[in-house]
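Quick note: the sequence shown uses full-length UniProt numbering, first residue 1, plus one each step.
In case anyone wonders, no lab produced these hints; they're calculated from the structure.
The beta carbon of each residue, even a glycine, is placed where N, CA and C say it ideally should be.
Take the hints with a grain of salt, since some may be wrong.
[As the list claims (entries may be wrong)] In silico lysine to any residue, SDA-like type, Cα no more than 25 Å apart, as pairs:
no., residue 1, residue 2
1, K19, G8
2, K150, Q119
3, K19, T4
4, K19, P78
[Claimed, not checked] Label-pair distances were calculated between CB atoms; the ranges are:
no., residue 1, residue 2, range
5, G201, Y146, 48 to 56 Å
6, P267, P64, 50 to 58 Å
7, P267, G201, 14 to 22 Å
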Amino acid sequence: MTATVTVGEFSRLTHLSVKTLHHYHEIGLLAPVSVDSSSGYRRYGTDQVDIALLIRRLRLLRMPLADVRAVVEASDGPAREETLRAHLERMEQELAHTREVVTSLRELLTPGRPVLDVQYRFIPPFRAYGVTGQVARDEIGPWCGYAFGKLNAVGADIHATSGATYSDEFFTEDAGQVVAFLPVAPDQAPADGVELVDLPGGYFAIAVHAGPMTDFDRTYGALGSHVAEYCEVAPGPIRELYPIGPGDVPDPADYRTEVCWPIQRIPVLKG
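Produce the entire structure from the sequences given, and follow the hints as far as they go.
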């Protein structure tokens, strides 16, 4: 048997505040069964309790209201399950990212600098397939997925370490030119969807970042400090090389990234 209750009583039944229930009514997410035309008082049916509790659970999971509506209004089980599955996957990714940040924070609070093995290398000039973009820092992940997807499509048979160059503005202005590249032979033919770029040679101080990108800034900080203390910085963008990246292994802990800082010459370090 279904009964109707006031909005205040429905609030107690569902642990949703009256303000929240009013908002859900206004946006058409959870409408009362009746509204008094003279007083404006709302009444809800007890058969709406389960729907209200479902909405509350989904909002506790920080599901966007648009997705909550899709779940509530789904006419069949598979559609509802797909929306829930996609949201739970996003939450699992956020949780994994949060754990990585917490681990990185604990390491950052540990006294002392991270041990960094810096190597010096002269990289000759070379030709590469390239994808160039003006990229915002907070969009670099999706952009790299797009750019390296194009490079992998045309260079599936090319066995070379891909990489990218990052302009100074990418760091100083939070947006700047990024060039994703895949080295090719000097006489490589053009390919659709990518450009042929010639990268200049030069000396670099290089450090390997092992693992996910959560604490990537620590490697940059340590390598940049080393360069400032022992080397002469050369003009030109910083390069990153990706000997082991997302397309090579499933576990981010196995990623290996070489950060290449341009320098004028190989320094003579005194022991």
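| message | Check whether the Cα positions of K150 and Q119 lie no farther apart than 25 Å. | response | The hint is violated at about 31 Å.
| task | For the pair we were handed, K19 and G8, check the Cα-Cα distance against 25 Å. | result | holds, 10 Å
| Does P78 lie within 25 Å of K19 when you go C-alpha to C-alpha? | violated, 32 Å
| message | Taking the Cβ atom of G201 and the Cβ atom of Y146, is their distance within the range 48 to 56 Å? | response | Violated - the Cβ-Cβ distance for G201 and Y146, about 28 Å, lies outside 48 to 56 Å.
| That 50 to 58 Å hint for P267 and P64 (C-beta), does it hold up? | holds, 52 Å
| query | Between P267 and G201, does the C-beta distance stay in 14 to 22 Å? | reply | 18 Å Cβ-Cβ, so the 14 to 22 Å window holds.
| request: Quickly compare the C-alpha distance for K19 and T4 to 25 Å and report which way the hint goes. | output: Distance ~19 Å between K19 and T4 Cα, so the pair holds.
The structure does not agree with the numbered hints 2, 4 and 5 stated previously, though it agrees with the rest.
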